[in-house]
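Asks: If you want the building blocks of each chain, they are given just below.
2 protein chains.
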Amino acid sequence: MEELDYLANERKSAKFDVEAMKIVWAGSQQSFEISDRMSRIVASDPAFRKDNRTMLPRKELFKNTLRKAAHAWKRIIELRLSEAEAAKLRFFVDEPAFTDLHWGMFVPAIKGQGSQEQQDKWLPLAYRMQIIGCYAQTELGHGSNVQGLETTATFDSETDEFVLHSPTLTSSKWWPGGLGKVSTHAVVYARLLINGKDYGVNGFIVQLRSLDDHLPLPGITVGDIGMKFGSGAYNTMDNGVLQFDHVRIPRTQMLMRVSQVTREGKYVQSDVPRQLVYGTMVYVRQTIVADASCALSRAVCIATRYSAVRRQFGSQDGGPETQVIDYKTQQSRLFPLLATAFAYRFVGEWLSWLYTDVTQRLQANDFSTLPEAHACTAGLKSLTTSTTADAIEECRKLCGGHGYLSSSGLPELFAVYIPACTYEGDNTVLLLQVARFLMKTVSQLGSNKKPVGTTAYMGRIEHLMQCQCNAQRAEDWLKPSVVIEAFEARAARMSVACAKNISKMPSPEAGFAELSPDLAEAAIAHCQLIVVSKFIEKLQQDIAGKGVKEQLEVLCSIYALSLLHKHQGDFLSTGSITPKQASLANDQLRSLYAQARPNAVALVDSFNYTDHFLGSVLGRYDGNVYPKLYEEAWKDPLNDTVVPDGYHEYIRPLLKNQLRTARL
Amino acid sequence: MEELDYLANERKSAKFDVEAMKIVWAGSQQSFEISDRMSRIVASDPAFRKDNRTMLPRKELFKNTLRKAAHAWKRIIELRLSEAEAAKLRFFVDEPAFTDLHWGMFVPAIKGQGSQEQQDKWLPLAYRMQIIGCYAQTELGHGSNVQGLETTATFDSETDEFVLHSPTLTSSKWWPGGLGKVSTHAVVYARLLINGKDYGVNGFIVQLRSLDDHLPLPGITVGDIGMKFGSGAYNTMDNGVLQFDHVRIPRTQMLMRVSQVTREGKYVQSDVPRQLVYGTMVYVRQTIVADASCALSRAVCIATRYSAVRRQFGSQDGGPETQVIDYKTQQSRLFPLLATAFAYRFVGEWLSWLYTDVTQRLQANDFSTLPEAHACTAGLKSLTTSTTADAIEECRKLCGGHGYLSSSGLPELFAVYIPACTYEGDNTVLLLQVARFLMKTVSQLGSNKKPVGTTAYMGRIEHLMQCQCNAQRAEDWLKPSVVIEAFEARAARMSVACAKNISKMPSPEAGFAELSPDLAEAAIAHCQLIVVSKFIEKLQQDIAGKGVKEQLEVLCSIYALSLLHKHQGDFLSTGSITPKQASLANDQLRSLYAQARPNAVALVDSFNYTDHFLGSVLGRYDGNVYPKLYEEAWKDPLNDTVVPDGYHEYIRPLLKNQLRTARL
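Chains as they are written, first to last, in the working numbering: chain A, 397 to 1060; chain B, 397 to 1060.
Treat the hints with care, since some could be wrong.
Just so you know, same-sequence chains aren't split out, so a pair can sit in one copy or run between any two.
[Claimed, not checked] Straight-line Cα separation of at most 27 Å, DSS-like style, residue types lysine-lysine; simulated pairs:
1. Lys470 x Lys446
2. Lys896 x Lys724
3. Lys507 x Lys1052
4. Lys459 x Lys1052
5. Lys934 x Lys846
None of these hints come from the bench; they were simulated from the model.
All chains should be built: construct the whole structure from the sequences, respecting the hints.
Replies: Encoded structure:
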């Protein structure tokens, strides 16, 4: 069964070893093998089909997800998969489900915030899925401001219980995934009240539904919050609403690792450092950055392959038209996104190292790098998710009209991705956290406290405030030192300018509020510098495989110079480069696009995505787009009959001018 | 039945006459009254309900649209509505349907391209909807490049017929709305072949379905192309696929206004100027610009009202938290979009004048302004639709997590709007058309041919190449002359730079291709200048109503200065302004935001949208958001039962560790 490869010529033109690049992308041989194996297991199992997803009405869609989740769990048991393998398998099933919250939030919350006793009791149940849990924090009226949560947990010393209650409509838990229809338990965040005193927000393990018949327990109102963006996307998830009417739980179900309530109703803090919370945040956000590179690379893979298949205009003497990927306008929009996918992959890798580093330091009671690591991950979460969301939509546009079809996979990829800009910290709020850290760093310059980690460059502030970029020819922009200095100067000068402007305001707080749009821009400049730096650092390592490093160097330059072009205003207004240098960078960028062009399809092949995972007719590995688009079309329920349902009631009377008497 | 208005304080703080602003927004008293009346007719008729739209599976969704279209037609007849009123009524029904193509493309195509005889025959049938028509141009393999269409219409002189045929899979008509399931007829574009000679693409009226039983006629394969972006959105439309297997139509069904085929098979050109086609394009694109201001204002209305309702952080002494609209980061993202809605409204108004002007000139055989008008509308179509698509998504993000719910209305608004970036000319292709016109204009500078209309500023090229912006204080940026000159200098210098760089290339064509990304940027600069100019011109007219003009002046400045900030790089790299001046403009912008703040809710009220049309719980006029969100949630089909369908098959066995033996 020889299969035609319509992209064979594209693959032949590649100037590097694709198999070696696959290892680089995956991070290691082992990581490649796990991903490869898990993705094939999912792709080859008809139970995991997803091509009909956008056609299912909500109830069927949801039931179908329950089926897949159960099937995945069954396979995980049968194949005796390790925790890492199981996580990968779930990842390739590629459908938001209650299990995401169970494994990704409920279990970690108990692990991180539960006492040893609590862990011993609850984790085995959760690991075997004898209970299913979710994470109920956000409320209808309260998202980013966790301290504003209204749900109460009042200690009743007579019965040794907490009474959970939703005092207002806006205190209804709202959004938690897995809550609406599935979870038997939840970690619920509520204000702890003891004898009328408010001890702030704490976590509680609460059973929501009977383990016998799945009915909500007395005092609990729970349901789904309704349809969300997209036709499939997060509609496979039962994001839920939850209200408590004086629901009682044993005192032992408050998560007690960091603070406890005693039998007598005394609130006690343990000696476990509260900073642990930040360590968890670093962990979660680090995974979000990794997910960003994954979602982005997926969109780029689809757009790149289809840009090589699609032809439009430019036919010479009746020959074929020009491949869309050969147009400079297409390249100038697509290749920076391809480069960004790699950039985010590597910064994600580095962040996972950073998390390990922070964890080890925490264990040694060294908190010195935590604020910087926290700011850095917050910023990178914001930057990478915002960019990725926009990039997916840009990839859809790059696929022209057909990108609008569900069968292109891009609408669903967009709809399912964008919540990442909001969850685990709204992206604007996060940028302002970074900015606050930058302002603090600037204010401490000249003191004994030296900036560390990703803010270390601020230590050379005097140089960065007055240095002049020495790019004189387009090729100078290929030098890492030239690029880094320009990005450092831009970021440092924007931060310093903000600090100066704040100092002119009546108060630092008022100034910070007034100048927050500028501060957000300074934070972005800082975060982009981090990504550029980490990409460059990656290239200073040994990288195996013919031509692999050379390709990555091209991509690194494309990433940096396309950012420089896009944010020219920052670089010029801070005097970090001259208009002439900006123009040289742009010239260099054009010739980099020409270098990337013959390698583009092979570069997206190195993501090693199966057609199942891509879920896109336009992005098919074999490039056989048109016959498959045509085939897909006929599967729509509307095509079940030639004459549509409704013809006799609504079309015929209209054509026959019999509407006046018709009952509609 | 007194209703609470949660936004009453916001409305009280407005410093202008909202009723007068409504007239300005509508364009005239008459236009306001028609819109107002039609929108109320639709809103008050339960048959036009749309709140359940995202929950319907495709077939029901489509049938529901057929019902609404028939009901709308019935009401139009019963109420004896004028053509303008009928169009408005359909607009407020707010659901893509086959009627859009019938009225918007099929009828105009026959009017514009049909001979008098053809018009006399077909138009009465179409006007009474005794036939339903669509517009079949795009093919599976061919979109932007109309000259590349593959469908053939071969003249058979023996039978005096054309034989329509789809020679390849890629020649299948693909995308036409109304084609898939409803239309009885289509205007089909095909290559005209006579005696083996190719006379290029022409239009033909083709019957597709029997008027008796709605079955496709022999030789015709027709169906729906499947699900598209969003859950409702364009899934109410039967975008279709169509293949011809040697389908015969009478010779008289070629549209013969501009060229004819005689009984003998001679191809004859009439003396009707071919430029008429461009006139039609100006018309269609002008309506697209008007639609952009409508979609954008709708999104802005939702985001503005919700930003005033939503509170987060900043609670003092247990008081209410800060309204989100009071944050500068929110203002700096939202208010430019509010200003853009007005800017696009006014440039749309001007374009409709331009169309009238062009039409009158065409009738007097004056083609002199046509190329400029054509370039200008192409550019404004591209600019306004791209900006609006991004702006809707930005408004969704400005609504935080709840913007992701379908009940916010924003996901559907986005999904239904974005095709505007692709249809009637892909936005990138259009920008390059503008750029080509600009390069031609630059090349003719100094010749006798003076630039006209929106390129007239190029006539002052010498001044614009060397002028220096004289803004010295922030307030100087409020002067229209300062703003206009900066925008003119930027646009002119970017065009001239492109022309210079092209001249260094081996050939103009190669240069144009190589520099197309820069050319697209120059085209955007030119188009933004047009919008800014037309806004400023609008303000030079008399505008009635207390405070109305003052508000518009604030919005005009916000529009211009936010663009200037966003595209700082252009202004600085061309030396049109200095970094210091850019910073002053930004300072001015901040104080303009403060001026706009108390008027924001009243400004969006002046769009006069009903809650039905907005279709958004977050954007409700009365601001009563939370109880309604809660109410909406329970309507989801998933909440029909407390225990979800699938519990017994998939959740219970999992919880009970009985999966091994379960059949999934």
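Asks: Could you tell me which of the hints above the structure violates, numbers in ascending order?
Replies: Checked against the structure, no hint fails, so every one of them is satisfied.
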